[in-house]
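Chemist: Construct the entire structure; sequences and hints are all you get.
Sequence lines, in order, name chains A and B.
Residues 3 to 500 (the numbering used here) are what the first sequence spells out, left to right.
Residues 3 to 500 (the numbering used here) are what the second sequence spells out, left to right.
Everything labelled a hint here was simulated from the structure, so no lab data went into it.
Just so we're clear, the structure is a prediction, and the values are computed from it rather than from any experiment.
Any given hint could turn out to be false.
Any copy will do: because identical chains look the same in the list, a pair fits if it lies in one copy or spans two.
Capping the alpha-carbon separation at 20 Å, the derived lysine to aspartate or glutamate pairs in DMTMM-like fashion look like this [what the hints assert, rightly or not]:
id : residue 1 : residue 2
1  : Lys118    : Asp349
2  : Lys118    : Asp170
3  : Lys460    : Asp255
4  : Lys74     : Asp84
5  : Lys118    : Glu450
6  : Lys74     : Asp139
7  : Lys460    : Asp487
8  : Lys118    : Glu428
Number of protein chains: 2
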Amino acid sequence: MRDYLFRLPDSSGASLQTQVREMLVSAILDGHIPDGAPLPSCRRLAHQLSVSRNTVVLAYERLVEEGYLLSKERSGYFVNGDILAGRVRAAPSKDAPAAMPPDWDRRFASRPSALKHVRKPLDWERYPYPFVYGQLDPALLPIADWRECCRQALSVLEMRGWARDLIDHDDPLLVQEIRTRVLPRRGVWAEPDQILITMGAQHALYILASLLMRRDTVVGIENPGYPDARNIFSTVSDHLLPLRVDHQGLVVDEIPERCRYVFVTPSHHCPTTATLPLARREALLSRARTTDLIVIEDDYEAETNYVGEPTPALKSLDTDQRVVYVGSLSKTLAPGLRVGYMVGAADLIREARAMRRLMLRHPPTNNQRTVAHFLSAGHHDSLVRRLSHAYTARWQLMGRLLSELLPNASQPSTFGGTSFWVAGPETLDASALATLAEQHGIIIEPGEIYFAQHNAPKNYFRLGFSSIPVERIEPGLRALAGLIDGMSAAAGADHPRH
Amino acid sequence: MRDYLFRLPDSSGASLQTQVREMLVSAILDGHIPDGAPLPSCRRLAHQLSVSRNTVVLAYERLVEEGYLLSKERSGYFVNGDILAGRVRAAPSKDAPAAMPPDWDRRFASRPSALKHVRKPLDWERYPYPFVYGQLDPALLPIADWRECCRQALSVLEMRGWARDLIDHDDPLLVQEIRTRVLPRRGVWAEPDQILITMGAQHALYILASLLMRRDTVVGIENPGYPDARNIFSTVSDHLLPLRVDHQGLVVDEIPERCRYVFVTPSHHCPTTATLPLARREALLSRARTTDLIVIEDDYEAETNYVGEPTPALKSLDTDQRVVYVGSLSKTLAPGLRVGYMVGAADLIREARAMRRLMLRHPPTNNQRTVAHFLSAGHHDSLVRRLSHAYTARWQLMGRLLSELLPNASQPSTFGGTSFWVAGPETLDASALATLAEQHGIIIEPGEIYFAQHNAPKNYFRLGFSSIPVERIEPGLRALAGLIDGMSAAAGADHPRH
Numbered sequence: 003m004r005d006y007l008f009r010l011p012d013s014s015g016a017s018l019q020t021q022v023r024e025m026l027v028s029a030i031l032d033g034h035i036p037d038g039a040p041l042p043s044c045r046r047l048a049h050q051l052s053v054s055r056n057t058v059v060l061a062y063e064r065l066v067e068e069g070y071l072l073s074k075e076r077s078g079y080f081v082n083g084d085i086l087a088g089r090v091r092a093a094p095s096k097d098a099p100a101a102m103p104p105d106w107d108r109r110f111a112s113r114p115s116a117l118k119h120v121r122k123p124l125d126w127e128r129y130p131y132p133f134v135y136g137q138l139d140p141a142l143l144p145i146a147d148w149r150e151c152c153r154q155a156l157s158v159l160e161m162r163g164w165a166r167d168l169i170d171h172d173d174p175l176l177v178q179e180i181r182t183r184v185l186p187r188r189g190v191w192a193e194p195d196q197i198l199i200t201m202g203a204q205h206a207l208y209i210l211a212s213l214l215m216r217r218d219t220v221v222g223i224e225n226p227g228y229p230d231a232r233n234i235f236s237t238v239s240d241h242l243l244p245l246r247v248d249h250q251g252l253v254v255d256e257i258p259e260r261c262r263y264v265f266v267t268p269s270h271h272c273p274t275t276a277t278l279p280l281a282r283r284e285a286l287l288s289r290a291r292t293t294d295l296i297v298i299e300d301d302y303e304a305e306t307n308y309v310g311e312p313t314p315a316l317k318s319l320d321t322d323q324r325v326v327y328v329g330s331l332s333k334t335l336a337p338g339l340r341v342g343y344m345v346g347a348a349d350l351i352r353e354a355r356a357m358r359r360l361m362l363r364h365p366p367t368n369n370q371r372t373v374a375h376f377l378s379a380g381h382h383d384s385l386v387r388r389l390s391h392a393y394t395a396r397w398q399l400m401g402r403l404l405s406e407l408l409p410n411a412s413q414p415s416t417f418g419g420t421s422f423w424v425a426g427p428e429t430l431d432a433s434a435l436a437t438l439a440e441q442h443g444i445i446i447e448p449g450e451i452y453f454a455q456h457n458a459p460k461n462y463f464r465l466g467f468s469s470i471p472v473e474r475i476e477p478g479l480r481a482l483a484g485l486i487d488g489m490s491a492a493a494g495a496d497h498p499r500h
Numbered sequence: 003m004r005d006y007l008f009r010l011p012d013s014s015g016a017s018l019q020t021q022v023r024e025m026l027v028s029a030i031l032d033g034h035i036p037d038g039a040p041l042p043s044c045r046r047l048a049h050q051l052s053v054s055r056n057t058v059v060l061a062y063e064r065l066v067e068e069g070y071l072l073s074k075e076r077s078g079y080f081v082n083g084d085i086l087a088g089r090v091r092a093a094p095s096k097d098a099p100a101a102m103p104p105d106w107d108r109r110f111a112s113r114p115s116a117l118k119h120v121r122k123p124l125d126w127e128r129y130p131y132p133f134v135y136g137q138l139d140p141a142l143l144p145i146a147d148w149r150e151c152c153r154q155a156l157s158v159l160e161m162r163g164w165a166r167d168l169i170d171h172d173d174p175l176l177v178q179e180i181r182t183r184v185l186p187r188r189g190v191w192a193e194p195d196q197i198l199i200t201m202g203a204q205h206a207l208y209i210l211a212s213l214l215m216r217r218d219t220v221v222g223i224e225n226p227g228y229p230d231a232r233n234i235f236s237t238v239s240d241h242l243l244p245l246r247v248d249h250q251g252l253v254v255d256e257i258p259e260r261c262r263y264v265f266v267t268p269s270h271h272c273p274t275t276a277t278l279p280l281a282r283r284e285a286l287l288s289r290a291r292t293t294d295l296i297v298i299e300d301d302y303e304a305e306t307n308y309v310g311e312p313t314p315a316l317k318s319l320d321t322d323q324r325v326v327y328v329g330s331l332s333k334t335l336a337p338g339l340r341v342g343y344m345v346g347a348a349d350l351i352r353e354a355r356a357m358r359r360l361m362l363r364h365p366p367t368n369n370q371r372t373v374a375h376f377l378s379a380g381h382h383d384s385l386v387r388r389l390s391h392a393y394t395a396r397w398q399l400m401g402r403l404l405s406e407l408l409p410n411a412s413q414p415s416t417f418g419g420t421s422f423w424v425a426g427p428e429t430l431d432a433s434a435l436a437t438l439a440e441q442h443g444i445i446i447e448p449g450e451i452y453f454a455q456h457n458a459p460k461n462y463f464r465l466g467f468s469s470i471p472v473e474r475i476e477p478g479l480r481a482l483a484g485l486i487d488g489m490s491a492a493a494g495a496d497h498p499r500h
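Modeler: The following block contains the structure:
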């Protein structure tokens, strides 16, 4: 038996006994120690690994219990072939005929990879100045609270509950918490049959698009607006209508009568963060009633509001079930968990549930239950409060610095969200700026992608502040302003003004 | 302040301190204790709840830390209005105009709720004899191992890793474990860019249907066959072709040339559990090559095999990238977790990934990481071994009892899966039997739903044995046989034979 098998992994937080066990499991499963082969004595392996003999004895005994090893009286431990039963050991055949691969290009009914998305580096945390949108500062994660709720969901009784296939149901405890704890914060009151749990807000939009839209359905979207919504709706409809947005959000008066659906972000417009005023909300609902329009409200970041009273959700004013409300916990708890919800008429939710059943049955039950505990224990409320305090400080600081450092840039005066939407100097190419900035450790999002038209303005960019630690904001913005100045000077030199 | 607020929940496994805390959190968030109101002294509340004073002190202190309470020197604890900031408190307006709800029926582009599904009671565990398919016996859940892996995934470092939005990526550790631990068991070797993590096997089928099929695409499906696959494909294509199945599974020779896709379950045909012989597999791949066919292989329950050597996956013989392989951990670890994977040509996986990004971005990162640990530690291998032992015993017992108790019924001789497919007496109405059986605490699945044709045979039913404890099998089957005899006798009396 070769010695290299018996080295412990270099770095691991696990106990020595666990490390010994996992080292042996890998060796057995990967076929390095053959079926029936004897293992070294406990004393010998302990010496070789520089661990106590007892550590090895315990690891061996656990492996016997799990069926990896057989213990034979007076002769030691042996690999149990049984654990490898049911495994196919054949390696891929090499004398295969020449491959005749299919022509996939011809087969694709659509090409989702061709859609344009916001691009951001996955390793944004390694950059000193990540003005990244939609990711959370790791320092603000509710680690202890989440662990506590996981522990609750890992009791024998709870595990037996959530391990099962729920077919098309949701965890009633989570639905209850969303109904009674989350939605009332937004002025929304719903019955359990008006709520569907989704894999994030985006999944809700995908379900609605699949269920309600055909190729000839006219769908209005804010312009600029949320690129993912535009992408999703564009896969089902050929009639997307960009709708004008001003400093107060969607210009409701201009929605054409032929619109059957409108996608809107009233709490904080994406990407400008403007809040739709009450008068426009009422006008939108009245228009929905008179022109038989359905409004899809994405109430993202509703919980971020730094000045004045929060505005209730548009859905809270909806007496005709014409608003389909979409929310998520991605902007507070963790986007990686993919927990969202959709609220609408019971007739709609029934079909949306059937559609979801067809797609993936239901969101994972263990996460549904853990999130239910998180809400029930009030951890989400206290998290929202902590985030709100942290974001208020960052928002104030960013606002002050932007006025000072980029006096020629403008941004609408808003009071919520986790980003600033900046119009740089008219000659600025924000994509070029983003590339240059990245070389200086600064991540920003060029704004072009948010516009529906091909000849979109190039001078907009978005600065997120949910992921960047507060002390990095000032040096990051100063460096960014320096780059913009440099680019403007160079552009000025190339194209002197007349 | 009303006393009823201060009763601890009746039954709870949580510590007294946690119970006190949660009782107060609920009261505050639900508005029962108003903003700024004083709380009872620690001594008084301790007395009222019959807990120690220290328990209340610790609960109050934690609530101060979390922002629910303010502590004022010498005057006690008060509700912190701050925690309620950002909440909309308006109740739904009642003086709204008469509702003009939309006509949803007219709006649905499809009616997924009208699709026929296998129906089974969600509370099957309460029945004494649950011959339910696709659920797991709670006694076989790997509770301790799963907990251990959850703990690993809850370290600060790991949580910071998985909390983030991965956009369209998967956890590389999970992909690595599936590549090196799971797929080789089936003879399948794949590169990371040929693997996509999905929300269960069904989600993989939904992605493939959305990506590859149009209304005029001819799709062959086994008949009888998996109803969910039929439902999914029927939502995109109008040309589903039922393909004949015999005691060896799909009759490959009869696949019409115009088929562009074939859905097949070669390891254990759904629902008969027949294993497709090697000669048919080779014929299928050769046909795929000559007629430019893509084969979608659902390798479910590959790990259950009670006699002889396991048959490698069809994908293991595929040299032309014409097989798209779909698998999941739903039949071993827990269906509620919704963890599956798809293996195919890199070109296909790239578009499938973009499609998944549009639908829901990615499966939850915390579950991806926890499952990766579960696989990496070898827990899945030892679980498969335990399940295999348990299922072998049940399979042998069921086989013996079925021959004894239902000698007039027939079932194909197979050697895997977690169910028996039974052809009852020709006059049997298995739906009526299922209804009657449920009244006697026995759950079975009528077989009609597995057939594509409208005039499907009515005498088939499926008996699952993964969820029923072994000691319940014999009394359950005896009772079921009695019911069948009774129905046959009644039918004989109604329609005496000539």
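Chemist: Would you mind marking each hint as holding or not holding in the structure?
Modeler: Hint check:
In this homomeric assembly, Lys118 and Asp349 come within 20 Å of each other (Cα to Cα) only across copies, at 18 Å, whereas the closest approach inside a single copy is 34 Å. For a Cα distance limit of 20 Å, the shortest separation of Lys118 from Asp170 across copies, 13 Å, qualifies, whereas the shortest one inside one copy, 32 Å, does not. Taking the closest pair of Cα atoms, Lys460 and Asp255 never come within 20 Å of each other, the shortest separation being 27 Å inside a single copy and 59 Å across copies. Taking the shortest Cα distances, Lys74 and Asp84 sit within 20 Å of each other inside one copy (15 Å), while across copies they are farther apart (66 Å).
In this homomeric assembly, Lys118 and Glu450 come within 20 Å of each other (Cα to Cα) only inside a single copy, at 10 Å, whereas the closest approach across copies is 45 Å. Proximity of Lys74 to Asp139 under the C-alpha cut-off of 20 Å is found in neither arrangement, the shortest distances being 54 Å within a copy and 32 Å between copies. Only within a single protomer do Lys460 and Asp487 lie at most 20 Å apart by alpha-carbon distance; the minimum there is 16 Å, versus 78 Å between protomers. With identical chains, the CA atoms of Lys118 and Glu428 are never at most 20 Å apart, being 23 Å at best within one copy and 58 Å at best between copies.
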